[in-house]
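With these hints in hand, go ahead and build the complete structure from the sequences.
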Amino acid sequence: MFPDKWEVMPKDSVRQQLKVLESLIRQAQIIIHAGDPDREGQLLVDEVIRYFGTRAPVQRILINDLTPAAVSRAIQSPKDNRDFRRLSHSALARQRADWLYGINLTRFYTLSYQQQGEQGVYSVGRVQTPVLGLVVERDNTIENFQPKPYYRIEARFKAQEEEADQRSFTARWLPNEQFQNYLDEENRLLNREIAEQIADSVRSRPGTITESRFRDRSEAPPLPFSLSALQIEAGRLFRMGAKEVLDTAQNLYERHQLITYPRSDCRYLPEGHYGQREQVVRAIARVAPDLQEACSGADLDRRTAAWNDKQVDAHHAIIPTSRPTPNGKLTAAEEKIYGLISRHYLMQFAPDAVHREGKLTVRVSEHEFRATETAILEPGWKALELKLREGRNEPDKTPLPRLEKGEPVFCEDSSLTERKTQPPQHFTDATLLSAMTNIARFVTATELRKTLRETDGLGTEATRASIIETLFKRDYLYRDSRHIRATDKAKALIGALPKSVSKPDRTAVWEANLESIRRGEGDPRQFLETLKDEIRAFLDKPQGQPAQDCEHAGTESAEARPHCPKCRAPMTERDGKFGRFYACTRYPDCRGTRPLEEAAPQDGTGQKPIPCPHCFSPLVRRKGKKGWFWGCSNFPGCRQTLDDDNGKPAVRLRKST
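Mapping of the sequence shown onto full-length UniProt numbering: position 382 corresponds to residue 382, and the numbering continues sequentially without gaps.
Take the hints with a grain of salt, since some may be wrong.
What follows is a set of in silico ranges between Cβ atoms, one per label pair, in the way DEER data are often shown [what the hints assert, rightly or not]: (1) 302 with 418: 29 to 39 Å; (2) 174 with 466: 41 to 51 Å; (3) 473 with 186: 36 to 46 Å; (4) 614 with 30: 43 to 53 Å; (5) 488 with 99: 40 to 50 Å; (6) 178 with 520: 15 to 25 Å; (7) 499 with 387: 37 to 47 Å; (8) 322 with 637: 35 to 45 Å.
Computed cross-link-like contacts, DSSO-like style, restricted to lysine-lysine with a CA-CA straight-line distance of at most 30 Å [said to hold, decoys possible]: (9) 503 with 148; (10) 310 with 79; (11) 359 with 158; (12) 336 with 420; (13) 382 with 243; (14) 532 with 566; (15) 473 with 243; (16) 359 with 420; (17) 148 with 491; (18) 491 with 473; (19) 473 with 499; (20) 623 with 566; (21) 243 with 499; (22) 473 with 489; (23) 648 with 566; (24) 566 with 626; (25) 336 with 473; (26) 382 with 489; (27) 359 with 310; (28) 148 with 532; (29) 503 with 566; (30) 648 with 625; (31) 499 with 566.
Because the hints were derived from the structure by calculation, they are not lab data.
Ideal Cβ placement from N, Cα and C applies to all residues, glycine included.
This is the structure we're talking about:
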């Protein structure tokens, strides 16, 4: 264990801290490993211990609850760190696989687009690219959407017997197998003639109640927040971006110490935290005065399913701390996020909400109609729930008559309403985060979908916001009011990528392999070798070609046009003072030119560009005193040269810097 002086050591020098850490590890008789109890937490500390080369035995303690009693229990039952080596192996395999995958495909597609005169980095990653694929696919669906009319049939019914409840009710037609050929994938009726026939056939006809169901249903409060759940809810209610929510929560955690660790993927609490509820509720009342009434009315004897040690892994749910005052004045954003977290904590001490639900199904001849009723009988915890539109209270639906199964009814009237199918909405921060968290629904393969349901989806709680932010920084996404949309650059890249790269299925395959490595059934080396073979296949035989630059695309393709002698970008014909000539498509950033008769020049720039092995800039064929050779186009920044082999660069390096 580290001595107490480590905790109070001044933080004026990272180098000094590392020296102290190295000294402590080298002198230790035994090392206690207390990293997060997940694969990344295991690898992080393992790498530090391995780096300093200690030979001391290492014991592992698993801490997911920082209450003194829980920490004491963990320290009293250490385990041999070697028992967790497979967890470390799976983390290292994931880390190296992501690196291999991203660095190779990013370089490949970036160079491919640079050969067409495009600028910037075309990054590809196991997580970021499927996320981008979701946005591109949604945008394309909306752009190509063709609205279709569909028809809704409703009928108004009333009980026939005088002693029965005489209130009339409206029910909607239920499609059956007989009409499957006239329905779309969402069971909407598309044929107006058929719809009119159905409406006419039931009007002024008797019917029978075939199903009658009325009940009061209790609804337990929602669990406290994980980071993704918090980001989704704050995005929906306050239109805050994912990164803004994370930064705000981080401030509440680090600066104000008002909430627990915010980068958690768990929505449950350790059972030991139940004993702190009174202090936490008192603190909420001090920090958020608008919740004082809810705090005073909290039933602190109530215990929901939120407290469950078996469901807590590396970190527990995000809840308020028992600190009664912030460290300075809270910003408006901090007040909103703290209030939202506090409300979900206080919901655990509020009664269940009670819904009154009713359903009546009517058969008229061969057709069935259904009417439903829902109303909140007792709001319970819903009184703490923030509404998106506080000022718009929807009128309560008319209650259904209490009719029994088998009672006769009469169809007083029927109506037909024409509607139009609507395209899906563009993604927002909240809906994109929700898609990343519940990515399984975008996967068609059953086994892969099951694997993704058991994992955390695309990215982790801590990385999802930064992934979305990275896509904005790299000019893949832009904001259109509150919506997130894909740029032309993003659409071109996703169109050029193999589907296996732009779909989330790969994450499920990787997670299955990593879980196999963690159990000791899989070989991390084999996993990486298989990945290398897949990457080589992508590079040797790409299953798609980068889209042509619309501005410069003409009758001749990029391969047919000569390339710039300076930067190797494609050239295009232009009119000049002395007639037509070839000019670089990157003008004015590059002013390379060549005469029209040099469409197949000897300097090699008419060939497909070959990257420099040192800096990856395109190579150029040059003629020196000893004949032809190949040099880097980035000269003098890079002085790499290669020998000429019948008009192509030789594999053997001639000179490097």
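Hints and how they fare:
| no. | hint | in the structure |
| --- | --- | --- |
| 1 | 302 with 418: 29 to 39 Å | violated (50 Å) |
| 2 | 174 with 466: 41 to 51 Å | holds (47 Å) |
| 3 | 473 with 186: 36 to 46 Å | holds (37 Å) |
| 4 | 614 with 30: 43 to 53 Å | holds (47 Å) |
| 5 | 488 with 99: 40 to 50 Å | violated (29 Å) |
| 6 | 178 with 520: 15 to 25 Å | violated (56 Å) |
| 7 | 499 with 387: 37 to 47 Å | holds (41 Å) |
| 8 | 322 with 637: 35 to 45 Å | violated (58 Å) |
| 9 | 503 with 148 | holds (28 Å) |
| 10 | 310 with 79 | holds (19 Å) |
| 11 | 359 with 158 | holds (15 Å) |
| 12 | 336 with 420 | violated (38 Å) |
| 13 | 382 with 243 | holds (28 Å) |
| 14 | 532 with 566 | violated (33 Å) |
| 15 | 473 with 243 | holds (13 Å) |
| 16 | 359 with 420 | holds (27 Å) |
| 17 | 148 with 491 | holds (26 Å) |
| 18 | 491 with 473 | holds (16 Å) |
| 19 | 473 with 499 | holds (24 Å) |
| 20 | 623 with 566 | holds (15 Å) |
| 21 | 243 with 499 | holds (29 Å) |
| 22 | 473 with 489 | holds (12 Å) |
| 23 | 648 with 566 | holds (18 Å) |
| 24 | 566 with 626 | holds (22 Å) |
| 25 | 336 with 473 | holds (27 Å) |
| 26 | 382 with 489 | violated (44 Å) |
| 27 | 359 with 310 | violated (38 Å) |
| 28 | 148 with 532 | violated (47 Å) |
| 29 | 503 with 566 | violated (37 Å) |
| 30 | 648 with 625 | holds (18 Å) |
| 31 | 499 with 566 | violated (35 Å) |
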